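Asker: Work out the full structure: start from the sequences and follow the hints.
Number of protein chains: 2
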Amino acid sequence: MRLSQFHLRTTKETPADAELVSHQLMLRAGMIRKLAAGLYTWSPLGLRVLRKVETVVREEMDNAGAIEMIMPTIQPRELWEETGRWEKFGGQLLKITDRKEQQFCYSPTAEEAVTDFARQELSSYKQLPVNFYQIQTKFRDEIRPRFGVMRAREFVMKDAYSFHITDEDLAREYRNMHAAYTRIFTRLGLDFRAVQADSGAIGGDASQEFHVLAESGEDSIAFSTGSDYAANVEKAQAAEPAPRGAATEAMTKVATPTQKTCEDVAALLGLPLQRTVKSVAVMTEAGFVLALVRGDHAVNEIKLGKVAGMADYRLATEAEIQAHLGSEPGFLGPIGAKQAIRVVADRDVAAMADFVVGANEAGFHLTGVNWGRDLPEPETVADIRNVIEGDKAADGGEIRLVRGIEVGHVFQLGRKYSEAMKFTVLDETGKAAAPAMGCYGIGVSRIVAAAIEQNHDANGIIWPVPMAPWTVAVCMINPKNDAAVNAAAEQLLGELQSAGIEAVLDDRGLRPGAMFADIELIGIPHRVVVSERGLAAGTFEYRARRATEAENIGRDELLARLRG
Amino acid sequence: MRLSQFHLRTTKETPADAELVSHQLMLRAGMIRKLAAGLYTWSPLGLRVLRKVETVVREEMDNAGAIEMIMPTIQPRELWEETGRWEKFGGQLLKITDRKEQQFCYSPTAEEAVTDFARQELSSYKQLPVNFYQIQTKFRDEIRPRFGVMRAREFVMKDAYSFHITDEDLAREYRNMHAAYTRIFTRLGLDFRAVQADSGAIGGDASQEFHVLAESGEDSIAFSTGSDYAANVEKAQAAEPAPRGAATEAMTKVATPTQKTCEDVAALLGLPLQRTVKSVAVMTEAGFVLALVRGDHAVNEIKLGKVAGMADYRLATEAEIQAHLGSEPGFLGPIGAKQAIRVVADRDVAAMADFVVGANEAGFHLTGVNWGRDLPEPETVADIRNVIEGDKAADGGEIRLVRGIEVGHVFQLGRKYSEAMKFTVLDETGKAAAPAMGCYGIGVSRIVAAAIEQNHDANGIIWPVPMAPWTVAVCMINPKNDAAVNAAAEQLLGELQSAGIEAVLDDRGLRPGAMFADIELIGIPHRVVVSERGLAAGTFEYRARRATEAENIGRDELLARLRG
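Which chain is which? The protein sequence lines are G and Z, in order.
For the first sequence, the numbering used here assigns the number 53 to the initial residue and increments by one for each residue that follows.
For the second sequence, the numbering used here assigns the number 53 to the initial residue and increments by one for each residue that follows.
Pairs count within a copy or across copies, as identical chains cannot be separated in the list.
Lysine to aspartate or glutamate pairs mimicking DMTMM-like chemistry, simulated, CA-CA at most 25 Å apart: (1) LYS178 with GLU65; (2) LYS532 with ASP479; (3) LYS140 with GLU153; (4) LYS86 with GLU130; (5) LYS178 with GLU542; (6) LYS305 with ASP348; (7) LYS468 with GLU134; (8) LYS147 with GLU130; (9) LYS178 with ASP534; (10) LYS444 with ASP271; (11) LYS147 with GLU133; (12) LYS152 with GLU139; (13) LYS147 with GLU194; (14) LYS152 with GLU133; (15) LYS86 with GLU139; (16) LYS312 with ASP348; (17) LYS474 with GLU133; (18) LYS152 with ASP69; (19) LYS152 with GLU194; (20) LYS178 with ASP221; (21) LYS468 with GLU286; (22) LYS532 with ASP221; (23) LYS86 with GLU471; (24) LYS86 with GLU133.
Quick caveat, the hints were computed from the structure, so don't treat them as lab data.
Only a predicted model underlies this, so the values are computations on that prediction, with no experimental measurement involved.
Answerer: Next comes the structure, spelled out in structure tokens:
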């Protein structure tokens, strides 16, 4: 391929409305162009990268035994009514009325459509297991589409759906897909982690997310130095705390006139923040609850909501706090409430001794507080906090926090969709049985942006070779006037092709500085310069995208290096 | 690939609501499943064929220098307002309102989106010419979606758009695309014709359609035996008629009491139909017009509408006919009108002598009528008729009529879109110039159905090799119990793969009859049977899909035949 026959349009200016580096660089490299909010055209350069990702995903799905098909993007309301998701999916579902006043949606995911396909195609256990997948355009009507293709409204997704007679077989395919995803992200050259996701009612290992690690990631991920344990912060657990120490102090009321936060109280008293307890007042259907976490910890809303009796809790109002504790916020605590209240203590709080809480009196806290002596043992002890960097992990390692971009999700759906849509097959005994289902998604277009977030420098994108639009750029100096340069570049291109290395010839005739800046910006992993001077010396100038210096090397060495 | 690891579901019953053979066979072969009216899921088998077509289209577009990109399917109203097509496109445009009450449509074609892309990307003549294409899902909200994927609402289209400084360069690219399309349909193994389409205001060769020839085609196409001339019947022209002969008869009024059609009059008088003239009464803004065509010809409405003064004509009412001709329909003619009327004569009518027309008197016709003697020479002579089978063509050949399915269209758009959307580039003189545009479409999913219309028999589909899901099916007899058959089939599969021949192993363990019926139904071009008996004899049973008999042949001959 010759760049003069391609279409490339780069810009130096950083676009004003692009926050993320990947969005900025994709615009500057001319990979995408905005058509409207959350809608992007993929230019020829952008499409080359997108197709590279698609190809790796397709090959590994095929290798894993999944079978490709494709469903319509426009799907009838009736189908989505069968599962109740026409309403439940919410505002992200783009609803459409056709010329005959029939209602449809643009598929944001395809559980309904694939289950409808399956109930037409599958009637016997003999046809199971089967895993259907498609690589297709999806639409989610995001309220705030932003970050370019990272959170576009129209995007490319690989979605797979498997069908099984038994839960065990679903679990087997789930592991199979997990392994395929690991191969996909490994092949793409990405630094990633499989992370336990909060999977609602299903629990356990029935749902995992695959995250590309990047500082700009929207998700916070906890992993352990002691094993490959990793979990979304919503779900991550630290190890059980060490047993409670003995009480050594007497409970004392101290003046904290303006100190309303644990940080301020600890500073005033000269105590570590870890000695203080934060009291969070909430209301449930059964009444007032004080949730206690250590001063340096934060309540994890999902975990607290899962404690018995705490579903659908909300923060208490100031009036409710006054009525139950007789104090204004900032000085709350579990001792001296005006009415009987429920106390839910985090595991770490339950293991504390000689701690500090609010006195339920404006301007005062209590120090040296101890369970069982100054107040009853907590009725409920549970893990209700977010993990923090440095926590002990259950596997003996230490918890570390990183940020990630979710690019894949594997999920054991169970029979939710097959039962709602009355899809059964005859099992071995001749009885109608609703198959168990799994679903497995990959954000194909998002991977492109995520890869850039992880791989860039001040000069532009640095593609992992499997995603690069071309592996090598052969840059020609003065191509319009130098026949020898043309001949040498052509010959090199042929040799690279023979070696199975995808190369592009930059024959546009730009000044070297502008040409090199383009090639760096668009992230080509290897650059080779063919010049009159180099030819005279029998060398090419070679520079890897991440290298700081170029080197002059002979052809054999060049080919050896590029062959890797 | 092993069929036991694939998903195949065929049925014997012909679906009740499928009219076209291709629709019936695609359903029976399990290539597609209906999700809703005009919306089809492509099964794994169907998708294999669709991808084959896509691949050939992509390769030839790339070879022709077009550059692939991809635009959003959902496009903002504002863009379509710029060209006025938001209203003008009509009911086929699926309009959508998002959660912010912004309006969008699902792209049925992408002139607006690509022109918007181009005006962001292209600013100088140096970047031209360029031809962008995409292979993408489109939507047209058909009133009567039917015939399966032949006229689905959601479908796959390859659409390309080229940009040029000069009309000459547009014409060059148009020929380049014409040649690429010819290669595409040739490579796909289809019997097709490039046909001159009626191209409205642009005229000439600025628009051509590519049709797959099939009896079930919706379009009627005229071609000449004397050259590669072919045209849509709306546009096709016969050769100029031979010069008018001399008058030999006297004009005579004859009684035709119940004979109101040319056929009936000719039968009564014992004259060939070609001696009669049909008078069609129409009204224009300027008044009453009698259009004359030979009795065996039919008025071509598009051609008649293009005659000067005839735009927006309509058929005359009986009252208007009485007022101008003093007769009831069935006996009309150009002689003896009550008021001055305009006569538009088809070229063939103008060349007639001794002909028959209505007498403008109920129950009578005139015979032996001659121009210049019995009535004035016609004021307007033009080609206003449809060609018929057997017409002389301008190239000396004969006109033949066939039916076709439109699968491609090449079009010189000119500057309609670039001017409407204010897209200019700087030309060589530094002036802003609106580029000329071409557009080039291929109905990728429709090709699959069209190929079946052209290639099938009572047993099912007969794929041209380039579109076949697999080239060869290796059918195993008793695969579950016969290790020797398994080993031989595996070995053959390996040898075929080494020879670059795509084969599938039918290891499902069906009875031979059911297995062969499936393989014929889904249209695999070559079938090889591996059986214990064959192995004992050192032969395979081979049958080409179109052959009437199977043959037992040795391995070397088999491989030689399959290699073609």
